[in-house]
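Student: Sequence:
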Amino acid sequence: MSELDLQSILKFTVTLAYEAGKVILAGSEAIQLAGSNVDEKKNSVDLVTEYDVKVEELVKQKIAEAYPSFKFIGEESYAAGSRPEWTDEPTFCVDPIDGTTNFVHGFPWVCISLGLIYKRHSVLGVIYNPFLDIIYTGVKGYGSFAIRGGPTGTPRKLPFAKSPKPLASLNHAQIAVEWGNDRAVKPLTARSESFHRLAGDASQGVQGGRMAHSLRSLGSSAMNFATVAQGGLDLYWEIGCWPWDVSAGVIIAQEAGCVVSGSHKVFAESKNTPAFGDVGEKILTGRKYIVVRAIGDSETEKGADAQKRIIGDFYDTVVDYDAL
Numbered sequence: 324m325s326e327l328d329l330q331s332i333l334k335f336t337v338t339l340a341y342e343a344g345k346v347i348l349a350g351s352e353a354i355q356l357a358g359s360n361v362d363e364k365k366n367s368v369d370l371v372t373e374y375d376v377k378v379e380e381l382v383k384q385k386i387a388e389a390y391p392s393f394k395f396i397g398e399e400s401y402a403a404g405s406r407p408e409w410t411d412e413p414t415f416c417v418d419p420i421d422g423t424t425n426f427v428h429g430f431p432w433v434c435i436s437l438g439l440i441y442k443r444h445s446v447l448g449v450i451y452n453p454f455l456d457i458i459y460t461g462v463k464g465y466g467s468f469a470i471r472g473g474p475t476g477t478p479r480k481l482p483f484a485k486s487p488k489p490l491a492s493l494n495h496a497q498i499a500v501e502w503g504n505d506r507a508v509k510p511l512t513a514r515s516e517s518f519h520r521l522a523g524d525a526s527q528g529v530q531g532g533r534m535a536h537s538l539r540s541l542g543s544s545a546m547n548f549a550t551v552a553q554g555g556l557d558l559y560w561e562i563g564c565w566p567w568d569v570s571a572g573v574i575i576a577q578e579a580g581c582v583v584s585g586s587h588k589v590f591a592e593s594k595n596t597p598a599f600g601d602v603g604e605k606i607l608t609g610r611k612y613i614v615v616r617a618i619g620d621s622e623t624e625k626g627a628d629a630q631k632r633i634i635g636d637f638y639d640t641v642v643d644y645d646a647l
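Quick note: the sequence shown uses the working numbering, first residue 324, plus one each step.
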């Protein structure tokens with residue numbers, strides 16, 4: 324990364340995240356008032372507020388001032404018709420408020436996600452939840468960290484466990500999944516059947532049941548990635564996200580020892596090749612993502628082999644479908 328001063332860019336991005344967080348917190352108070360402005364994009368569960376737009380405008384302006392040659396991809400500008408081409412140039416990929424539905428309802432699983440993509444790979448990520456006042460950072464080759472309590476807080480290396488524990492099977496896993504905003508019959512049926520199998524008890528008649536410890540649907544892709552990196556979730560899977568939802572989370576997770584892959588097909592084609600775990604443009608734009616936490620070695624299995632096995636077992640269980 325000699326071409327980019329990633330540590331300097333990280334410092335800038337963290338400062339920007341904290342500034343944006345103040346706008347998000349102020350907006351949260353205002354959005355609870357009667358008459359607040361909440362619009363729909365694709366449907367009644369795909370929401371956007373004036374604060375999504377305000378935060379993105381702030382972020383875009385600050386980046387343009389500090390790094391005028393960098394390209395920019397943002398959720399709200401994309402929704403408004405901006406379609407920048409993917410290149411090898413440094414590109415900030417931003418979700419101004421990830422978890423807008425939570426934001427609208429006052430549920431504090433909300434963040435800003437700031438990812439830097441270089442040569443079509445995530446190289447830097449910052450995810451900040453101003454409600455919980457926790458910021459996650461990751462830089463290619465430098466590890467990932469969480470900081471609580473604002474800029475003066477002490478960074479804590481991810482994952483939190485110094486020696487990540489093994490993961491014997493999906494039966495022992497806490498898994499993040501999301502209902503998403505595709506509520507048509509095909510995607511909804513596929514998700515419902517997948518969740519049914521993951522949660523169900525095969526011994527009680529649920530065909531293909533894995534009886535996972537729990538399924539969590541908390542409404543923010545970026546925060547799910549960060550929590551897998553932290554070690555609070557064992558696995559996160561989703562179909563239907565976009566690059567701005569995951570670009571920061573990918574590098575934070577990878578630097579915490581997680582493995583990230585794409586669709587069933589991408590996993591099947593790459594699992595026994597050097598390309599496995601390499602998250603480039605194909606996966607970042609593929610809208611199908613899976614991430615597994617760092618897993619410690621057991622007496623019989625290396626952690627990296629366990630991560631691959633867990634993804635294989637998971638994809639043997641869930642139903643694949645294409646996002647609308």
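Check before you lean on any hint, since a few could be wrong.
Claimed, not checked - Computed list of lysine to aspartate or glutamate pairs in EDC-like fashion (alpha-carbon distance at most 16 Å, straight line):
#1 Lys588 - Asp643
#2 Lys463 - Asp636
#3 Lys588 - Asp636
#4 Lys605 - Asp328
#5 Lys594 - Asp639
#6 Lys588 - Asp620
#7 Lys394 - Asp411
#8 Lys442 - Glu388
#9 Lys588 - Asp601
#10 Lys394 - Glu412
#11 Lys394 - Glu408
#12 Lys488 - Asp628
#13 Lys488 - Asp620
#14 Lys509 - Asp645
#15 Lys442 - Asp620
#16 Lys631 - Glu592
Stated by the list, open to error - Ranges of calculated distance between the beta carbons of each label pair, as one might list FRET restraints:
#17 Glu408 - Glu592: 21 to 31 Å
#18 Ala389 - Thr410: 30 to 40 Å
#19 Thr623 - Leu381: 50 to 60 Å
#20 Ser392 - Lys509: 17 to 27 Å
#21 Gly472 - Thr410: 34 to 44 Å
#22 Asp643 - Glu408: 45 to 55 Å
#23 Arg506 - Leu541: 16 to 26 Å
These are calculated hints, taken from the structure and not from any lab test.
Here the structure is a predicted model, which is why all the values come from computation and not from measurement.
Using N, Cα and C, we set each Cβ at its ideal position, and we do this for glycine too.
Student: Compare the structure with each hint and give your call.
Tutor: Each hint, compared with the structure:
no.	hint	verdict
1	Lys588 - Asp643	holds, 9 Å
2	Lys463 - Asp636	violated, 29 Å
3	Lys588 - Asp636	holds, 14 Å
4	Lys605 - Asp328	violated, 26 Å
5	Lys594 - Asp639	holds, 14 Å
6	Lys588 - Asp620	violated, 27 Å
7	Lys394 - Asp411	holds, 10 Å
8	Lys442 - Glu388	violated, 22 Å
9	Lys588 - Asp601	holds, 15 Å
10	Lys394 - Glu412	holds, 7 Å
11	Lys394 - Glu408	holds, 10 Å
12	Lys488 - Asp628	holds, 14 Å
13	Lys488 - Asp620	holds, 8 Å
14	Lys509 - Asp645	holds, 9 Å
15	Lys442 - Asp620	violated, 32 Å
16	Lys631 - Glu592	holds, 13 Å
17	Glu408 - Glu592: 21 to 31 Å	holds, 25 Å
18	Ala389 - Thr410: 30 to 40 Å	violated, 19 Å
19	Thr623 - Leu381: 50 to 60 Å	holds, 51 Å
20	Ser392 - Lys509: 17 to 27 Å	violated, 43 Å
21	Gly472 - Thr410: 34 to 44 Å	holds, 38 Å
22	Asp643 - Glu408: 45 to 55 Å	violated, 28 Å
23	Arg506 - Leu541: 16 to 26 Å	holds, 18 Å
The structure does not agree with the numbered hints 2, 4, 6, 8, 15, 18, 20, 22 stated previously, though it agrees with the rest.
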